[in-house]
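Asker: Single-letter residue listing:
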Amino acid sequence: MAQTQTHFELFELPVSFEIDLPDLSQRYRELQRAVHPDKFANASDYERRLSVEKAAAINDAFQTLKSPQRRARYMLELQSVSFDDEKDMALDPAFLMEQIELRESLSELTQSDNPLEKLNHIMADIKNRISVVLDEISQQFSSSELDDAQKDTVKQLVHKMQFLNKLQQEAEFQEESLLDVL
Amino acid sequence: MALLQISEPGQSTNPHEHRLAAGIDLGTTNSLIASVKSGLAETLPDEQGNHSLPSVVRYTENEVVVGQEARTAAADDPLNTISSVKRYMGRGLKDIKELGGRRPYEFVDADSAVPRIKTVSGDVSPVEVSAEILKSLKQRAEDALGGDLTGVVITVPAYFDDAQRQATKDAGKLAGLNVLRLLNEPTAAAVAYGLDKQAEGVIAVYDLGGGTFDISILRLNKGVFEVMATAGDTALGGDDFDYAIAKWIMDEAGIKDDTSHHQMRRLMRDACAAKETLTSNVTAELNIELDDGSAWSNTLTREKFNQLIAPLIQKTLLPCRRALRDAGVDVADVQSVVMVGGSTRVPHVRDKVADFFEQQPLTDINPDTVVAVGAALQADVLVGNKADDDLLLLDVIPLSLGLETMGGLVEKVISRNTTIPVARAQDFTTFKDGQTAMSIHVLQGERELVSDCRSLGRFALHEIPAMVAGAARIRVTFQVDADGLLSVTAREETTGVESGIEVKPSYGLTDNEIETMLRDSIEHAEDDVAARMLREQQVEAERVLEALEAAFEEDGDLLSADERKAIDLVANKLSELSKGSDVREIKDGIAELDKAATEFVARRMDGNIKKALAGHNVDEF
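Here the protein sequences come in this chain order: A and B.
The first sequence runs contiguously to residue 181 in numbering that gives the first Met the number 0.
The second sequence runs contiguously to residue 620 in numbering that gives the first Met the number 0.
Just chain B, same shape as in the assembly (with noise of 0.2 Å):
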């Protein structure tokens, strides 16, 4: 027990206390925050007793707005009011131009990976945007919970590419939170409702939100949510709905396609109230205010709505026909249908989905509300609230990874559908005598030609031994983790040489990016840099130790008197390093732990794995 003599009085060491975490579902057009309280999964509200926090941000010479005020300024000052972020996010400029639709901002016409939109207060990029939304949330659940969080996890979009989970990633780095998961929207509302419910079987979750639509097929079984397949579409949702009737009164009141800013966003707000109306009347009256001062006044039957939107949700069929397939389940195996995103409440979608999959969806869960339930469900079984929970989620990638062969062809490395964490080993060779150095092209998507498939980036390899062509063996290990982010590590086979890479995203920023904006963050914030990155050291110092202190306990008998003892030294010193002031050192001193225990580790995790059949098989006989 040599090791609880780093508790002091007043911090926070014992293992069992509870730890503050919570679920952030950062949506298109509102975002929420939940935190499991006294067992019981919430959304929190803001002082006003507002549940979500609309996306929106407002940027003005001195102060960043988020919310509700933001986007009530939104038709007044549109160039300086981001809403829909989401869409733009881990995109390239010319993505965006082709995502179709008026985008009512400027976005600066520069040869930059990240698209960057002009504000009065400088260029932004959605990275930025989304991190305002994340800081406002953040705020939001440390004032109710009374503390720091220790954790969060953030929902993406089960279709969402590498490059958009990086970048939304990325916005939670740079928000100051600590990124324990993303999290796949649909799964954390399986989990919402399958906790809830005690649901077990086949289900599909069909979320159309505001601009991304999914749809997942699982399998719930005692705990265990395993995604068999995914499908979907990052570019449809309730804003295209939108866009329709904004379209139709522009085509019937004589709106011209150049029309202002103002009028656009007016348009937009005005479709999405009579939008609103039409889930429970079946006419909405609609008097909209034109630029030149007059009105122009009409009524938009659910009727003519529906015509409108058909188009939208036949494109939403089609994925759920194929994900279905590619679960290798038919409608008839499916017991039942969640309905998540608000735009499921509109009556032609809830319609076409149980024409679709022949049973009425379930719509008794709050589809606004049970993505962030879920995903701080999860977060509560991360930081280690629940240790002994039964809770595990196995998900899946959306898109294939692939590579770029001669004649501008992709390779397909690891399909769609494929459980992650993955890891999938490529061999390369030399093509000319003596080359060092080689750039490999990594992509995402279906389709054969490398024109077609979104580029991820391109891995340059350097420090290959030279030697004659074709002599060389790089073994290239592409491995997703459980965030469904690529990492690519390479590694010459023959010599055992480990090649430098080095990593130019397509779309998304680089480290150093990264690095620098969370510093001018920092300063922006007037904080204090060097206390706060001393505090961040000691945290994670404490929480190092913390866990080593549990392993010990659990299965300290893997290790003899000896090799306790040479871990222990190391502890203790991290221990001591930790109560001093010097960064540098108190990092160096968790690595060498690390190291340290190394061994430890691997006969842990080795021995979780005999145990793990070892009850499977005394259950069987």
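Excised from the complex, chain A in its bound form (with noise of 0.2 Å):
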């Protein structure tokens, strides 16, 4: 595994966002049979360090394939976008608005009359814009090769994924510290 393979190289796929994930799993099983520590346990030093290495790399993989987010910008950096996040935060005005919207309603949850019912559909409204914006990505990848104007595209799209990533977290925990009340 030298250091130029990447993730999907690893895991013998073809470069593509669309990806059979039970395929990846059973993919994903059988490199960790050949690695895990666990098959190491008598083995030499280097030997147990070594496969702690190609074990967590391989975990690493996995979980960079199998979230649509971090494949997506992966999928990018494969093709020499760069990230930046502190300074790649130029999103449309009306998504910003939308954002700092859903935000307030989440901070006034707990005046509300019923606050775990209005969380729902917060929830789910959050859960349904991931939805649209995932869409939005596997069509900018359904052709092979991205121009600028598609990368650009794909690279705001993940910034979005994030910001909603994030919301959803923070909806999550809320709804945490909801239940915890009662």
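No lab work stands behind these hints: they were computed from the structure.
Hints are not guaranteed to be accurate.
Simulated crosslink set (DSS-like; lysine-lysine; CA at most 30 Å straight-line) [what the hints assert, rightly or not]: (1) B:Lys172 - B:Lys610; (2) B:Lys411 - A:Lys150; (3) B:Lys385 - B:Lys172; (4) B:Lys221 - B:Lys609; (5) B:Lys221 - B:Lys385; (6) B:Lys572 - A:Lys65; (7) B:Lys572 - A:Lys165; (8) B:Lys172 - B:Lys117; (9) B:Lys221 - A:Lys65; (10) A:Lys154 - B:Lys411; (11) B:Lys221 - B:Lys93; (12) B:Lys411 - B:Lys314; (13) B:Lys572 - A:Lys126; (14) B:Lys93 - B:Lys36; (15) B:Lys314 - A:Lys126; (16) A:Lys165 - B:Lys411; (17) B:Lys610 - A:Lys65; (18) B:Lys594 - B:Lys572; (19) B:Lys351 - A:Lys117; (20) B:Lys172 - B:Lys564; (21) A:Lys117 - B:Lys255; (22) A:Lys65 - B:Lys411.
Two independent chains are provided; combine them into the complex using the hints.
Answerer: Listed below in structure tokens is the structure:
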């Protein structure tokens, strides 16, 4: 497994945004069977260290390909698109407004009559938005080579996904604290 | 076959020989040891036929007593008899005070990272107390199996953080055990259950022990046990049920909070007995002996008991919800719920779990022994008794790991429920011109503020090459191994200089402290230190040579004749050295062989990866 090997090469899969998840999981399990530290409990120190490193690399590759957002980002990176999270936040104003509104409704939850029900609505809404963005990403990747404009579009979409995922986490955190009180 | 000559009559170098391995469930209340004998994993009894060893250690002026005898003495000698020590593993004095409940021992009020308990035979740390329990189990296994243990697997609550895991591993080392792996308790239970029932699909393991609670969601697929998510509470268990009953008695009988240690111990004992009675009866009679010699009697109904423990059970359901969500599954996806730990015998616990998961939990496996049995099964595989076994455990890290950033905030580096082993790199730079050192504060937990997370330690980086501010790029790599233990390495990327790292664990022992304790314990055992160290190195050399021989047999064709010859040369030298008595030389010989075989090992690993998927593709077409 040389440094230059991509995650797709590791799993012997074609570079594609569409991934058969059960097949990927199956390949992942077989790779782990070959390198997992449990197979090297009696091996030399170096072999054990190497096994931990390889197993960690396979875990990382699997997580990257499994998550649509990370997969999209990774595929862009393979096409030499660089991400600088601090600077890259130029999203369209309409999207940002929506985000602020969603965030506000989350923070106002505790004052509402039925916070759990309202939260369920918000969570369904976020889930819906995520699947819309995912569809858009998937469409962009349907052509094999992305032109510069497409790369930019996908990059924006990946950023949107990041926002939405964060929002989802926050909603889940809210749900936990609401349930904790009950 | 040059290497086979190291085999001498009476020495065990046959790679196919059965090695002795054991699984240890180091519990809050009871501990067990199990081993695989003629293909069957079973817990091992003591001479009286008892399988479970009470996790109680009593220190007297001239001896250490472990188990039932110590438990019996607890009420009479509360200060020197330590029970539930698992609750203090890897914790600081401040944590222990916050654990709640009355702690019936006296902790030394010192400014040490590791709390120490005052006893008549001196101050002891929780690691040392646990090591006594492990030593007792080790002795039991070696008597029963008739030989030295090659290695053991010790189980820990899945929700144990890094400090608690490290403390457990240290206790194993201190007890003279070769700890092959720390295994999460619910995962161990899943292995025992899954292999026994040939189960496939998503299962939930609800593990409520004496002092800890875990919930794990796993996917079982053809021998692969993949933990999807885990959650829990490391300070919640049957002990708290006892305490709830004791508190109720105190209220009813008018016993004050500042009552004597003896009274408290008796109350806890009686409360525990009442709890057990209520498993099969609807009422329990209480006859409490008071300090003034009088007695207090009353009846505790199951209904009242259920009411007392309801908030505690509720506390276990929130982690269940979180684990399901992190695993990305619904209640309907869970095919079975496996109950583990003595506290799942409580009827109200079973009812509430059934309500939550919308199905009857499985109670046909022994909740007390299933963890030790699962650990024994894995230990058997790890020592190499089952070379071609399909068993593969993929576990997760229970709590996120992060770093302190500006303003006392935590930046997450590895999030909870990430499959281990895992490695993540993070780049840092210098703040000032010519800066050659920096400090990194590592934390574990889910909260945003440093003060709400658990401090694992501070890593001081030295020997950073002097540059202008912001020019250095120090890549710090966090690696969590298959035991769930964190290690940190650092490297300056522009010059390639490895930075020195000094680790200061926030809670826990430094390597030096462990070594000192180890040396002390060997001296106390009146063992011949030098002889023991020599034997250890000889066994290690033997192990390394054996592994190499097996590797040659499998993949010898990866080497040219010359390459093979070069490795053989070093191997033969080690084989000669290991017959001698120079510990240092054998140690160096092992390191040298390790180095000589580096390229071979790397080629083998890559070959394994290729072969793994080659098989897959053949299956497919």
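Asker: Now, for every hint given, state plainly whether the structure supports it.
Answerer: Against the structure, the hints come out as follows:
1. B:Lys172 - B:Lys610: violated (36 Å)
2. B:Lys411 - A:Lys150: With Cα atoms ~28 Å apart, B:Lys411 and A:Lys150 stay inside 30 Å; holds.
3. B:Lys385 - B:Lys172: Holds: B:Lys385 and B:Lys172 sit about 25 Å apart, inside 30 Å.
4. B:Lys221 - B:Lys609: Answer holds: B:Lys221 to B:Lys609 is near 21 Å, not above 30 Å.
5. B:Lys221 - B:Lys385: Roughly 16 Å between the alpha carbons, so the hint for B:Lys221 and B:Lys385 holds.
6. B:Lys572 - A:Lys65: violated (48 Å)
7. B:Lys572 - A:Lys165: violated (59 Å)
8. B:Lys172 - B:Lys117: holds (23 Å)
9. B:Lys221 - A:Lys65: holds (21 Å)
10. A:Lys154 - B:Lys411: Since the Cα atoms of A:Lys154 and B:Lys411 sit roughly 23 Å apart, the hinted pair holds (cutoff 30 Å).
11. B:Lys221 - B:Lys93: violated (45 Å)
12. B:Lys411 - B:Lys314: Between B:Lys411 and B:Lys314 the Cα gap is close to 26 Å, so the pair holds against 30 Å.
13. B:Lys572 - A:Lys126: Answer violated: B:Lys572 to A:Lys126 is near 64 Å, above 30 Å.
14. B:Lys93 - B:Lys36: Given that 30 Å is the threshold and the Cα spacing comes to 44 Å, the pair is violated.
15. B:Lys314 - A:Lys126: holds (28 Å)
16. A:Lys165 - B:Lys411: Distance of about 13 Å is within 30 Å: holds.
17. B:Lys610 - A:Lys65: Measuring from Cα to Cα gives roughly 23 Å; hence the hint holds.
18. B:Lys594 - B:Lys572: Given pair B:Lys594, B:Lys572 holds - Cα atoms ~14 Å apart, limit 30 Å.
19. B:Lys351 - A:Lys117: Distance ~27 Å between B:Lys351 and A:Lys117 Cα, so the pair holds.
20. B:Lys172 - B:Lys564: violated (37 Å)
21. A:Lys117 - B:Lys255: At roughly 47 Å apart (the allowed maximum being 30 Å), B:Lys255 and A:Lys117 break the hint.
22. A:Lys65 - B:Lys411: holds (20 Å)
This entry does not satisfy hints 1, 6, 7, 11, 13, 14, 20 and 21, going by the numbered hints stated previously.
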